[in-house]
Every structure is written in C-alpha cells, then in structure tokens.
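Assemble the complex: chain A is given as a structure, and chain B must be docked to it using the hints.
Each protein sequence line maps, in turn, to chains A and B.
Reading the first sequence from the start, the letters are residues 1 to 326 in this note's numbering.
Reading the second sequence from the start, the letters are residues 1001 to 1126 in this note's numbering.
These are calculated hints, taken from the structure and not from any lab test.
Errors might be hidden in some of the hints.
As the list claims (entries may be wrong) - Capping the alpha-carbon separation at 25 Å, the derived lysine-lysine pairs in BS3-like fashion look like this:
id : chain 1 : residue 1 : chain 2 : residue 2
1  : B       : 1006      : A       : 111
2  : A       : 20        : B       : 1006
3  : A       : 108       : A       : 295
4  : B       : 1056      : A       : 225
5  : A       : 225       : B       : 1044
As the list claims (entries may be wrong) - If you want the ones that stay clear, here's a sample from chain A, every Cβ over 10 Å from chain B, calculated:
id : residue
6  : 158
7  : 165
8  : 182
9  : 192
10 : 193
11 : 200
Each residue gets a CB set at the ideal place from its N, CA and C atoms; glycine is no exception.
Residue strings, one per chain:
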Amino acid sequence: MDATLTNQSENEKIWGGGNKPLNSSYGKMMMWFFIVSDALTFSGFLAAYGFSRFKFIDSWPIADEVFNHFPFLHGVDAPMYYVALMTFILIFSSVTMVLAVDAGHHMKKNKVAFYMLLTIVGGAIFLGSQAWEWKNFINGQYGAVETRGGQILQFVSADTGKRVNITSFAASIPTDREQHQGRNGIWYASESTLPTYSVEEIKKGFINNNDLLLKTQQLDENGHKIVLSREESISKIAQSVYVVEGANLIRNEYGNRLFANFFFFITGFHGFHVLSGVLINLIVFFNVVIGTYEKRGHYEMVEKVGLYWHFVDLVWVFVFTFFYLV
Amino acid sequence: MAVEHKLSIFRGRLTFASNTQKIWGVLIFLSIVTVVEVALGIFKPTILMSYFLGMKLLNWIFIILTIVKAYYIAWDFMHLRDETRSLTSSIVLPLVILIPYLVFILLLEADYIYNVMTDGFVSWNF
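Just chain A, same shape as in the assembly (with noise of 0.2 Å):
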C-alpha cells in the first residue's frame, strides 16, 4: 500500500506539469522540430537539384556563365561577386537577430528593437536582392536557339570566344506572324508572347556572319562548353526550331530545362522562407516595441523567431554552396 502511494506521488511529479523536457520549453523545441522537418524538405530539394545533375554531368550549364551580373557594371563578367555580397547580408543579419537574442536575456528592450529592426532591414535588402537575380535571370543576356531535341545552342564570336547577343546579328525578314491572341484568332486559343526575332531570321544572320560559332551544351573534360567549328555550325544551326530569350519554366537560354525549374523552385521556396521571416520579425518587432515582452516578463518569443531567422539564414548557406560554387 505504502509502495503504491508512493509510486503515485513520484508520477504526479514527473507528468503533473511544470517540467520541462530536455530542458528546453515547449515553444522553443516545437520550433526547433520544425526546423528538424523543414530541413529536410529542402534537403529533399536539393538532393533531387543533384540528382539532375549527375543524370546530365556532362551538359550541365555553368554557374558562372549564368550568373555573372553585378548592379551598376553591365557588361562586365562578374560571377559570384553578387550573391557572395548576398550571403553576407544574410549572416550579417544573422548577426544582429543574436545579439537582440542577448539584448533580451539582460531585458534591454530599446537595445532588443534595435537590433530586430535592423535585422528585418537586412532581410528585405536579401528579398531585393534576390528580386534583381530573378530579374536578371529571367530576361537573360544574350539569348539562344533550341533544337528539335530541346539542345540550348549559344552564340559565340569566333574572335573573342565571347557570347555574342543575337539582336546584334539576326536579319530583318518582314513577316506577317502575330502573336495569336483571343481577340485576333480563334477565341479560345492563344500563346505566348513571340520571340523578338524569327528562327529564320537568326539562321540567316548566322549563315552571313563568318564570324559566328555555335556553343553547345556538352562539356568537354576540363569543364568547358564545346564550341563547334564553322561548318559543324552551320549544319547545326539547320536543326533550330525555336529562338530562346531568357528564362522561363518552359525553357531557358543557358542550357537544360530543369536547371531553370530548380533555380526557380528552390531560391523562390528559400526566398518565401525569408519573406515570412520578415514578417514575423515585424510582429515581433512590434511587440518589443509596446512592451508585450516587457510585460510577460522574459523575450523567449525573439528566441523562437530568432531560430526561424538563423535556420533560413543556413538554408541559404547550403543553395549558396548548390547552385553557385559547385
């Protein structure tokens, strides 16, 4: 009986409430299991962006041929520069979202509002950032043909070996062909807007430009793009079915079609990661500043957030790494 009773008590103690599990509060690790589960829905990502890769090692397109714009210096080839300032945007405002973290340990509350509303600067600086990436990405430089079999064909100066811009080249052959819209065809069909210039009038200017060379998109063993030699070219250019500008989830200028799909798909779910950490911090933010925090007593919820903001801040770590470097 005694044995019974006390069983009961010592139960009552561990199950009765007020602990704390691993020592942690209940907030905190429920947030902490979540990053545990998104972690792994990006790492799903990443690990099927690697998996087209190795499925097309040989053809892939080059970070550094895609991404090589910086803001006030067009036309000069400056890969990585930009997303490189990028990532050290986001650690900086990593940065700042810790110290309000400490800030809120010693209950300084100016110095917490402080500290997140320069966090939440840095995080819309990052989301403008990656705006103008996407801008850049999607017009494109310097556009391309596809083939029947959905190859990318670039154009390349034989001279320099540098990209050459297909409004630069093509020919003028007047036409008729509009962009078939509902109100100027028939009702219920249309399509997209038309490329700028025909296929015929790029084949034309490639064929009376001797200068031009096609660039393809298999690489040969040191990791270049395989230039073809005039004659292949022009045998090449024959097979061009469609004139290609920028980037769009359909096709894109700078080689496989997936490579577009990933970039969009896993900086746009990082990117809407960020968007809604900005917004919590805002709330956040807002609450520091009419005292919610003050008044509860401790800032666990700038705790909570700030781990939201640091996981996303390490997400970006990892695409950085995926989509720039390797």
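Frame of chain A; chain B shown alone:
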C-alpha cells in the same frame, strides 16, 4: 533571466569574455570561410581539379566548408551549444542519418541513368 552560455569555440582553444564577443568572433570566422570559398570559386586552382570519389576535389572542399559554416551557425547562433545533449542529438541525428542516405541513393541512381543514356541505345543528340 540570465542564461548561461558556453563561451569557448574550437574545442576550447578560443574563449570569449562575453556572449556578445563570441557572436562577433563567430561572424569573423564565418566571413573568413565565405571569403575563402568565393576566392577558390573565382580562381579555381588547377591542383584542385582532380577527381576524388566521383567529384572534383574543389567541390569536396566547398561542401566541407559549408558544413563547417552550418555547424557554427547552429551551435553558436542557434545556441545548440547551450542545450542539453539529448536535445542536440534529437535534432542533429535524424538529419545526419537521413540526409546522407537520401543523397546517396539519389546520386547513385542519377549516375546509373547517366551511364544508360551515354552507353545505351537512347540518343540525346538529335
């Protein structure tokens, strides 16, 4: 509500006076790693272009440096260093077990498909 922080990094070789100082120290370390990564990515030393386990040595360095950065973000910015050991392992172990497994099966399969496409009867150059 004072919270205890462990202020040593690099296995106790570097100890900071306060938590704020540790944060700036970790920032400097992460920045150095990122600068090294970007410099390697721009110059691409030819000595690192040899292959090891199906991947360039340079790419192995990038991946290892990324994991190092991830470790310091999780341990110092997300305060995993201050959590109990059981919480740390219940967060890290599932990831450490599941992600390499997923990556391993997907990359192996992708390599197999690549071989089928290059050596098989399907032509991809039409």
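* **residue 193/A remote from chain B - nearest C-beta pair above 10 Å** => Given a closest Cβ separation of 28 Å, the condition holds.
* Say whether it holds or is violated: residue 158/A keeps its Cβ farther than 10 Å from all Cβ of chain B. => Given that every Cβ of chain B is farther than 10 Å from that of residue 158/A, nearest at about 22 Å, it holds.
* To do: Test the statement that residue 200/A is away from the interface with chain B: the closest C-beta pair must be farther apart than 10 Å.
  => Consistent with the label, residue 200/A stays out of reach of chain B, its closest Cβ about 21 Å off (over 10 Å).
* Report holds if the minimum CB distance from residue 165/A to chain B is greater than 10 Å, and violated otherwise. => 25 Å, holds
* Agreement of residue 1056/B and residue 225/A with the hint, judged by alpha carbon distance not exceeding 25 Å -> Holds, at roughly 17 Å.
* **Agreement of residue 108/A and residue 295/A with the hint, judged by alpha carbon distance not exceeding 25 Å** => 13 Å, holds
* Would you check the hint for residue 225/A and residue 1044/B, treating anything up to 25 Å between C-alpha atoms as holding? => Roughly 16 Å separates the two Cα atoms, so the pair holds.
* To do: For the pair we were handed, residue 20/A and residue 1006/B, check the Cα-Cα distance against 25 Å.
  => 21 Å, holds
* Asked: Beyond 10 Å from chain B, beta-carbon-wise, is residue 192/A?
  -> 25 Å, holds
* Verify that the Cβ of residue 182/A lies farther than 10 Å from every Cβ atom of chain B, and report whether the claim holds or is violated. => 35 Å, holds
* Are residue 1006/B and residue 111/A close enough, with their CA atoms no more than 25 Å apart? -> 22 Å, holds
Taken one by one, the earlier hints all hold for this structure without exception.
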